[in-house]
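Going line by line, the protein sequences match chains A and B.
Here our numbering is used: the first residue of the first sequence is 1, the next is one more, and so on.
Here our numbering is used: the first residue of the second sequence is 1, the next is one more, and so on.
Keep in mind that the hints were calculated from the coordinates and are not lab data.
Just to be clear, a hint being listed does not mean it is correct.
[Said to hold, decoys possible] Covered by chain A, per the in silico footprint, the following chain B stretches (three or more residues, Cβ under 8 Å):
1. 86-95
2. 161-169
3. 218-224
[Unchecked claim] Incomplete in silico selection of chain A near chain B, CB under 8 Å:
4. Ala-46
5. Ser-72
6. Lys-140
7. Gly-191
8. Ser-216
9. Ile-219
10. Asp-222
11. Asn-235
12. Ile-236
13. Gly-243
14. Leu-247
15. Val-265
16. Glu-276
Here a beta-carbon is modelled for each residue, glycine too, at the ideal position from N, C-alpha and C.
Protein chains: 2
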Amino acid sequence: MRNLTVALDAMGGDFGPRVTVPAAVQALSLFPELKVSLIGDQLQIAHQLSLLDCQPNTRLSIVHSDHVISDSIKPSLALRHSAKTSMNMAIDLVANGEADACVSSGNTGALMALSRFRLKVLPGIDRPALVSALPTAQGKKTWMLDLGANVSSDADSLFQYAIMGAALAEEHLGRPARVAILNIGAEEIKGNDLVKRCSEMLSQTQSVNYVGYIESNQILLDKADVIVSDGFVGNICLKACEGTAQLFIDKLKAKFSGSSIKGWVARKLFADLFIELKTLNPDQYNGASLLGLRGIVIKSHGSADVHAVVNAISEAVHEIKRQVPSRISDRLEAILLERHH
Amino acid sequence: MRNLTVALDAMGGDFGPRVTVPAAVQALSLFPELKVSLIGDQLQIAHQLSLLDCQPNTRLSIVHSDHVISDSIKPSLALRHSAKTSMNMAIDLVANGEADACVSSGNTGALMALSRFRLKVLPGIDRPALVSALPTAQGKKTWMLDLGANVSSDADSLFQYAIMGAALAEEHLGRPARVAILNIGAEEIKGNDLVKRCSEMLSQTQSVNYVGYIESNQILLDKADVIVSDGFVGNICLKACEGTAQLFIDKLKAKFSGSSIKGWVARKLFADLFIELKTLNPDQYNGASLLGLRGIVIKSHGSADVHAVVNAISEAVHEIKRQVPSRISDRLEAILLERHH
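Build the full structure now, drawing on both the sequences and the hints.
Set out below in structure tokens:
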């Protein structure tokens, strides 16, 4: 079995090593072929390891870094002042071939800028896009992109998102992915120029299973496997779903908690309901990928807990095994050939 | 007491007179000062009235129209071929001063195009916007616009939406409205050029209580009274909330229904929970306004039931009483004066 190495930015996110170190240890027990490099403050990481009765070994190494990237730094500044940060050093390990993927819970804009600068985009790709798998009512997954890597996009970029999303989804599904464009109506006359132009391009591409427009009240209903939009719209849409889901879960919790008989009966009878509803909150997953780079970069939530960081590492392992960047590259090349004939 | 007349497009929506006629009769019993003109097929309307043991009277008139606007017609075609439709005749009654407001559940694009053509926009307004009140977790309301009257907007239009939204919200609230711009982050550096330029304009306007950016996972939490966005983004955001809310309600319903003891206990214990959760679905309200016109036009859902159409008529009555168009006009004039000094 080939070894897979994940470079984990141990300092990123709201909790740093308190969360990333236990997550690394758990991930190692899940994947026998996995190695993890923890990048960050040596003392803090060693301390967290000792709390778990662990120490560095052949599968778990520490790469020391004094610096952490600020959550509020602008991407342009990050490029100039982040060389020695744990995030940049994690990306560098991928760029140098010492790791197969990087996982970070740090500043998204900085992760995007540094990854793009160090790893470069794949041929045929203008900009990387942030993609994540959303749950559906049917227990399936739908991949949505761009979730905010870019604040504006042209039709060519949107088209590229569709190809990248299809390549990723198909690696998971093992069948052609239904690709849809997020729009304000399902009819052909609806929408702005951007979606209309991209729709035309996808309609003319035989190797993409384009199924048309999808409205945002349908995205959790398993009507498409891949949903593309520009990063501004995608981010707004995803967070609107997450916010509404959270609001409903909070209201239910308030009803079911407390020491009343009603609360007690509710908890006894409907423990499974909570679990089911929680799986419908798009926020439950963790591990959005930056697609379109010559390397694998996984963005974990800033507020991710141990379980969530383990999920992000699992996504990295999956993408390494499936060689997602080269699949995307192959797919794009085939489509460009098709379009030139 | 001054009489208020609402012109109701009796043929619009999925159910036509079967829903609009009972709604008109109910609204008349709610508002003693209200008169309703039902515009549509005389025979169908009279039949529905007879089922309710009603007939036309001094407060309830029928204006016959042979034609109904198609749900799929393009707005540009609607302008040329809709003169005799119930929708256009309802708008005409407002344009001629025979009615104070128009309510229609018909084709949104056509309603927008016909209203703009017949009623004209207010001075200082480039484009009307669709606004609706969303529920919040705190039992308050938040007005959101544009919800899809326009598929693209510039910063000036967004600024105008903010003024119009503030004028409407303040008529309901009786206090200065907190105005926010929908964005992908709360920090100043986040977002695209459109929101940044509008944010700058609002920051420099003293007579608007601008509170900054709001993310879409916060819109149901009473953090702002007015939320502005371009029509594409606003429509996507609203429907994402509605779709998620509906999904959760459906899942709960499935759990609580059935003849099992569990279902029975659940229904007994949690009847109030359903009602509470339903009030959190943005879709529960009806009666979005087309703001920015020299007249009051209320768009009702195509799928609206009797109760929902009564809500839309109530919104029309409220806006007539508060003289919303002239309030917007005054507000804009004051702000334009402020900006020129």
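Status of the hints after comparison with the structure:
Figure legend: the region 86-95 of chain B, annotated as covered by chain A; annotation inconsistent (0 residues with Cβ-Cβ distances under 8 Å, at least 3 required). Coverage of the region 161-169 of chain B by chain A is violated. Counting CB-CB distances below 8 Å, 0 residues qualify, and the rule asks for three or more. Judged by the Cβ-Cβ criterion of 8 Å, the region 218-224 of chain B is covered by chain A as claimed, because 4 of its residues qualify and three suffice. At a threshold of 8 Å, the smallest CB-CB gap from Ala-46(A) to chain B is about 34 Å, leaving the interface hint violated.
Given hint, Ser-72(A) at the interface with chain B, holds; its Cβ is 7 Å from that chain's nearest Cβ, closer than 8 Å. Taking 8 Å as the C-beta cut-off, the interface hint given for Lys-140(A) is violated, the closest approach to chain B being about 14 Å. Checking Gly-191(A) against chain B: minimum C-beta separation of about 6 Å stays under 8 Å; hint holds. With a least beta-carbon distance of about 4 Å to chain B, the hint placing Ser-216(A) at the interface is held under the 8 Å criterion.
Given hint, Ile-219(A) at the interface with chain B, holds; its Cβ is 7 Å from that chain's nearest Cβ, closer than 8 Å. The interface hint given for Asp-222(A) is violated, since its Cβ lies 11 Å from the closest Cβ of chain B, which is over the 8 Å cut-off. A cut of 8 Å between beta carbons decides the hint on Asn-235(A): the least distance to chain B is about 4 Å, and the hint holds. At a threshold of 8 Å, the smallest CB-CB gap from Ile-236(A) to chain B is about 5 Å, leaving the interface hint in force.
Against a cut-off of 8 Å between C-beta atoms, the interface hint on Gly-243(A) holds, since the closest Cβ of chain B lies about 3 Å away. For the restraint placing Leu-247(A) at the interface with chain B, the shortest Cβ-Cβ distance is roughly 5 Å, inside the 8 Å limit, so the hint holds. Residue-level restraint check for Val-265(A) holds (minimum Cβ-Cβ distance to chain B is 6 Å; threshold 8 Å). A least Cβ separation of about 7 Å between Glu-276(A) and chain B falls short of the 8 Å threshold, and the interface hint therefore holds.
In this structure, the hints that do not hold are numbers 1, 2, 4, 6, 10, in rising order.
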